[in-house]
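J.: Residue numbers (this note's numbering), protein chains in the order written: chain A, 1 to 120; chain B, 121 to 240.
Just so you know, these hints were derived from the structure itself, not from any lab.
All residues carry an ideal CB built from backbone N, CA and C; glycine is no exception.
Some clues are possibly wrong.
With a straight-line Cα cutoff of 25 Å, these simulated DSS-like cross-link-like pairs (lysine-lysine) come out [as the list claims (entries may be wrong)]:
| id | chain 1 | residue 1 | chain 2 | residue 2 |
| --- | --- | --- | --- | --- |
| 1 | B | Lys165 | A | Lys67 |
| 2 | A | Lys65 | B | Lys187 |
| 3 | B | Lys165 | A | Lys47 |
| 4 | B | Lys165 | A | Lys65 |
| 5 | B | Lys167 | A | Lys32 |
| 6 | A | Lys45 | B | Lys167 |
| 7 | B | Lys185 | A | Lys45 |
| 8 | B | Lys165 | A | Lys45 |
| 9 | A | Lys47 | B | Lys152 |
| 10 | B | Lys152 | A | Lys45 |
| 11 | B | Lys165 | B | Lys192 |
| 12 | B | Lys185 | A | Lys65 |
| 13 | B | Lys185 | A | Lys47 |
| 14 | A | Lys67 | B | Lys152 |
| 15 | A | Lys67 | B | Lys192 |
| 16 | A | Lys47 | B | Lys187 |
| 17 | A | Lys47 | B | Lys140 |
| 18 | B | Lys165 | B | Lys152 |
Some chain B residues near chain A, calculated using beta-carbon distances under 10 Å [stated by the list, open to error]:
| id | residue |
| --- | --- |
| 19 | Leu169 |
| 20 | Ile175 |
| 21 | Leu178 |
| 22 | Leu182 |
| 23 | Asn183 |
| 24 | Lys185 |
Protein chains: 2
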Amino acid sequence: MKFESGNGVYSMDKWRKSDKKIAKELFELARKRDYANLIDIIQLKSKNLTIPETIWDLREFLNYKAKEFDQKYDYRYSVLDQVFANFIREDLLSLDEFQSLSKEKQDQIQHMVNILGKLS
Amino acid sequence: MKFESGNGVYSMDKWRKSDKKIAKELFELARKRDYANLIDIIQLKSKNLTIPETIWDLREFLNYKAKEFDQKYDYRYSVLDQVFANFIREDLLSLDEFQSLSKEKQDQIQHMVNILGKLS
Numbered sequence: 001m002k003f004e005s006g007n008g009v010y011s012m013d014k015w016r017k018s019d020k021k022i023a024k025e026l027f028e029l030a031r032k033r034d035y036a037n038l039i040d041i042i043q044l045k046s047k048n049l050t051i052p053e054t055i056w057d058l059r060e061f062l063n064y065k066a067k068e069f070d071q072k073y074d075y076r077y078s079v080l081d082q083v084f085a086n087f088i089r090e091d092l093l094s095l096d097e098f099q100s101l102s103k104e105k106q107d108q109i110q111h112m113v114n115i116l117g118k119l120s
Numbered sequence: 121m122k123f124e125s126g127n128g129v130y131s132m133d134k135w136r137k138s139d140k141k142i143a144k145e146l147f148e149l150a151r152k153r154d155y156a157n158l159i160d161i162i163q164l165k166s167k168n169l170t171i172p173e174t175i176w177d178l179r180e181f182l183n184y185k186a187k188e189f190d191q192k193y194d195y196r197y198s199v200l201d202q203v204f205a206n207f208i209r210e211d212l213l214s215l216d217e218f219q220s221l222s223k224e225k226q227d228q229i230q231h232m233v234n235i236l237g238k239l240s
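Same shape as in the complex, but just chain A (with noise of 0.2 Å):
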């Protein structure tokens, strides 16, 4: 999939370097929240420990988070369109919090937000 654009034509994947700089900052803000919420749910968890069940469940909770992360955390420039609309659509960023990024580029991650929104 192509973009014409003022400055040219840019494939889906293609990352200008000028939006590599942003994108780093917006995946770790975005990094940031989660682990912020994730402590927030864990620690509701704990006070709300009591058998031996609840227990377990939170290391299976752990393990699964541990495995979301892993492959949610994932900063291939091939992929990062989806990641970042996969952040959207978790509201760990907004859209107008791309708006520093270059217009193509904001119309890319917005096209994979609808893609995304209509397979859920």
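Keeping the supplied structure of chain A fixed, place chain B upon it in accordance with the hints.
T.: Same frame as chain A, but now just chain B:
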């Protein structure tokens, strides 16, 4: 290893019927205390969660504890003397709490505490 008593000769791994019921209660008492201790530790660790590493440290801790509990709570009569001796060494049970058991069984467990004490 055999012990003489007024009621006959008992080998180290034999459990009288009258001792078995008490043993099961003591075993469950140790487990209950161990879980209560574990919940206290998890709640303390959860309060201190700050950076991502502490989340994954908690995960590792729970995975370790799951294996430890699985190995520790082994109710085969052939290993129960050693299991109880370990409970005593870990302060999950006191020797006083074994007073309802037959004198032979108390002596066997005390003997195992001594052996394990020397090894550690």
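J.: All the hints need checking, so say for each whether the structure fits it.
T.: Do the hints match the structure? See the list:
1. For a cut-off of 25 Å, the pair hint linking lysine 165(B) to lysine 67(A) stands: about 21 Å separates their Cα positions.
2. Distance restraint check for lysine 65(A) and lysine 187(B): the Cα-Cα separation of roughly 20 Å lies within the 25 Å cut-off, and the hinted pair is therefore satisfied.
3. At roughly 11 Å between alpha-carbon atoms, lysine 165(B) and lysine 47(A) fall within 25 Å of each other, so this suggested pair holds.
4. A distance of roughly 18 Å separates the Cα atoms of lysine 165(B) and lysine 65(A); the hinted pair therefore holds under the 25 Å criterion.
5. Among the hinted pairs, lysine 167(B) with lysine 32(A) is consistent with the structure: their alpha-carbon atoms are about 18 Å apart, no more than 25 Å.
6. Of the pairs offered as hints, the one joining lysine 45(A) and lysine 167(B) holds, with about 11 Å between alpha carbons and a cut-off of 25 Å not exceeded.
7. Pair hint lysine 185(B) plus lysine 45(A) holds up; C-alpha atoms about 17 Å apart against a cutoff of 25 Å.
8. Note on lysine 165(B) and lysine 45(A): the hinted pairing holds, with a Cα-Cα distance of about 12 Å set against a maximum of 25 Å.
9. Distance check on the hinted pair: lysine 47(A) and lysine 152(B) sit about 18 Å apart at the alpha-carbon level, within 25 Å; holds.
10. For the hint pairing lysine 152(B) with lysine 45(A), the CA-to-CA distance comes to about 20 Å; that is within 25 Å, so the pair holds.
11. Distance restraint check for lysine 165(B) and lysine 192(B): the Cα-Cα separation of roughly 23 Å lies within the 25 Å cut-off, and the hinted pair is therefore satisfied.
12. With a C-alpha separation of about 18 Å, the suggested pair lysine 185(B) and lysine 65(A) falls inside the 25 Å cut-off, and the hint holds.
13. Of the supplied pair hints, the one linking lysine 185(B) and lysine 47(A) holds, its CA atoms being roughly 19 Å apart against a limit of 25 Å.
14. For the hint pairing lysine 67(A) with lysine 152(B), the CA-to-CA distance comes to about 31 Å; that exceeds 25 Å, so the pair is violated.
15. Restraint check for lysine 67(A) and lysine 192(B): not satisfied, since their Cα atoms lie roughly 28 Å apart, outside the 25 Å limit.
16. Proximity of lysine 47(A) to lysine 187(B) is assessed by CA-CA distance (about 23 Å); at most 25 Å being required, the pair is judged to hold.
17. The hinted pair formed by lysine 47(A) and lysine 140(B) fails the criterion: a straight-line CA distance of about 36 Å is larger than 25 Å.
18. Under the criterion of a C-alpha separation no larger than 25 Å, the hint pairing lysine 165(B) with lysine 152(B) is consistent with the structure, at around 20 Å.
19. For leucine 169(B), the shortest C-beta to C-beta distance to chain A is roughly 5 Å, which falls under 10 Å, so the interface hint holds.
20. Checking isoleucine 175(B) against chain A by beta carbon gives a least distance of about 6 Å; that is within 10 Å, so the hint holds.
21. With a least beta-carbon distance of about 7 Å to chain A, the hint placing leucine 178(B) at the interface is held under the 10 Å criterion.
22. Satisfaction of the interface hint for leucine 182(B) is found here, the shortest Cβ-Cβ separation to chain A being roughly 4 Å, below the 10 Å cut-off.
23. For asparagine 183(B), the suggested interface contact is upheld, since its CB lies about 6 Å from the closest CB of chain A, less than 10 Å.
24. For lysine 185(B), the interface hint holds, the least distance from its beta-carbon to any beta-carbon of chain A being 8 Å, beneath 10 Å.
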